[in-house]
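Asks: Residue numbers (my numbering), protein chains in the order written: chain D, 1 to 318; chain Y, 1 to 214.
These are calculated hints, taken from the structure and not from any lab test.
This one's a predicted model, so the numbers in the text were calculated from it and none came from an experiment.
For each residue, glycine too, the CB sits at the ideal point set by N, CA and C.
Here are the computed lysine-lysine pairs in the DSS-like style, where the Cα-Cα straight-line distance is at most 25 Å:
| hint | chain 1 | residue 1 | chain 2 | residue 2 |
| --- | --- | --- | --- | --- |
| 1 | D | LYS103 | D | LYS281 |
| 2 | D | LYS303 | D | LYS281 |
| 3 | D | LYS123 | Y | LYS204 |
| 4 | Y | LYS197 | D | LYS123 |
| 5 | Y | LYS35 | D | LYS123 |
| 6 | D | LYS281 | D | LYS210 |
| 7 | D | LYS305 | D | LYS76 |
| 8 | D | LYS156 | D | LYS123 |
| 9 | Y | LYS210 | Y | LYS197 |
Listed below are several chain D residues computed to face chain Y (Cβ distance under 10 Å; list not exhaustive):
| hint | residue |
| --- | --- |
| 10 | GLN135 |
| 11 | ALA272 |
| 12 | GLU297 |
| 13 | LEU299 |
Partial chain Y-side listing against chain D, Cβ under 7 Å, derived:
| hint | residue |
| --- | --- |
| 14 | SER48 |
| 15 | SER51 |
| 16 | ILE131 |
| 17 | PHE133 |
| 18 | TYR200 |
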Amino acid sequence: MIEIIHPGWLSCIVDRGRYGYASVGIPPSSALDLYAYKALNLLTGHEEDAPVLEVMGAPFSLKFHEEVLCAITGAKVQATLNEQLIKPWTSFRATAGSLLQIKEVMEGFRFYVGFSGIMTLEKIIGSFTTNIECQFGGYQGRTLACGDLLHFSEWKETDRRSLPEREIPVMHSPHRLRVVEGPEIHYFTDESVKRFVDRESRIIYDVSSKTNRTGIRLEGPPLSFREEVEKSIISEGILPGTVQIPGDGLPIIMLYERTIGGYARIAMVVKADHDRLAHLKPGDYVLFEMVSLEEAEKLWEGKRKSITSLNKTVRRLS
Amino acid sequence: MNLSRYGEDGIRILFGDVIDLDVHERVRHFFFFIKSLQREEIIDIIPSFRSCLIYFDLQQTTFERLSSLIMEKMQASSSLPVVPDPFIHEIPVRYGGECGPDMAFVSSHTGLSENEIIDIHTGITYTVFAIGFIPGFPYLGILDQRIQVPRLETPRVQIPEGSVGIAQRQTGIYPFQSPAGWRIIGLTEVSLFNDRKEPYSLLKIGDRVKFVKV
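Throw the hints in and build the complete structure from the sequences for me.
Replies: Here it is in structure tokens:
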């Protein structure tokens, strides 16, 4: 069993997500950084997708009430176990009574904490992940709070493991996001599209403080709609990474909490850059770069390989 | 039917440009047809007013392969796919007062009395065109022109579960306490979403909804 002592700014249970019911509006609500999620599972001995904690912001701390293997991935953090520095992306054995503290997030935004024990939680609609807005899944359908107790029902016995430093992705600002054209890109003036993605003159956006798990709001000079178009569309399906432009002209990058949107979709962030979205924090800089679908597919092929080869790159520590 | 790519792993199938029942029927038939194929490479499908968005698994197929498979299957199916009969739901609503904080606005905007608005709102059997933004939320249409109102300039931060709203040509019911940009005219006690019981949502696309004043 573990006990949450300090939940950070926001922490919740996540997994690979909830799929198959988008037609009745059920969104994936998955972990935002799926590379960090996969690595974490491997570091703690899970071949399958186990539930883990997704935490935003420091300080975060939890107490172990029994011995378990634990690891932290995602954002670069300063973490200690009983005041001794521990290495992220490397599993460590925590004994009963020990205290894990994340004192500072140095690079990136969200970090993930996982255990060799499988947390005793109920799958709701096929997933352990938390739909925070609608209060189902995860731990009692809500974000974690001080004093929450998470029990383990089953243990994966495993050696300590580590991911080599070179396999840890970069997560710092500025974030250069590659995008492909969205269905309503022609709703915007040529000048605006150019300012959105042109290498020489593109807008450098700031991540707004209104950003949340549903979407990342950006601030900067607004884009202009063509005079003849409506500023909203007939509501339609969207996928994670869709960049919507509401009437105010400022982009919102949609994450994993919506199935339908009603704003003009200027672009979609390429799949290879989706994990990076987990690490856009208020005040960071964001730039967009347009690529072709062929390039996007190549980028994804590279990323997919790095995810599938995690099985090999995660090494046993002797 | 117009197929186009939506990012690396999406296919957008467009059936028209407007909100109307003919376009909706085509969306609905296509949606149930795709569901009936039970293809493993299709992870999800999102039907809405004028399109279906298919989310597929890039490890199992490509845009080209899946698009041509869909076209082939469509041409090969000699008869129309089996489409479930729409279910008609009666939804009791308490209108106005504390249950409908925007009733006064709708009344002044339309020049109609509260009773006239209620008569018009309950006078139509609506069609479920899409379900989403939040789980179980039905986009219902088509609202009578006389009570069409704009959305709120600034959405409310929180409205109670069961709130019945109107906006432009649509009406809908909020299954959860949530932020809302539509004008709220009433409240229902009917539960639209149950995370413990399949199919989770009370409504499916194509179902009909009739509001009844209580």
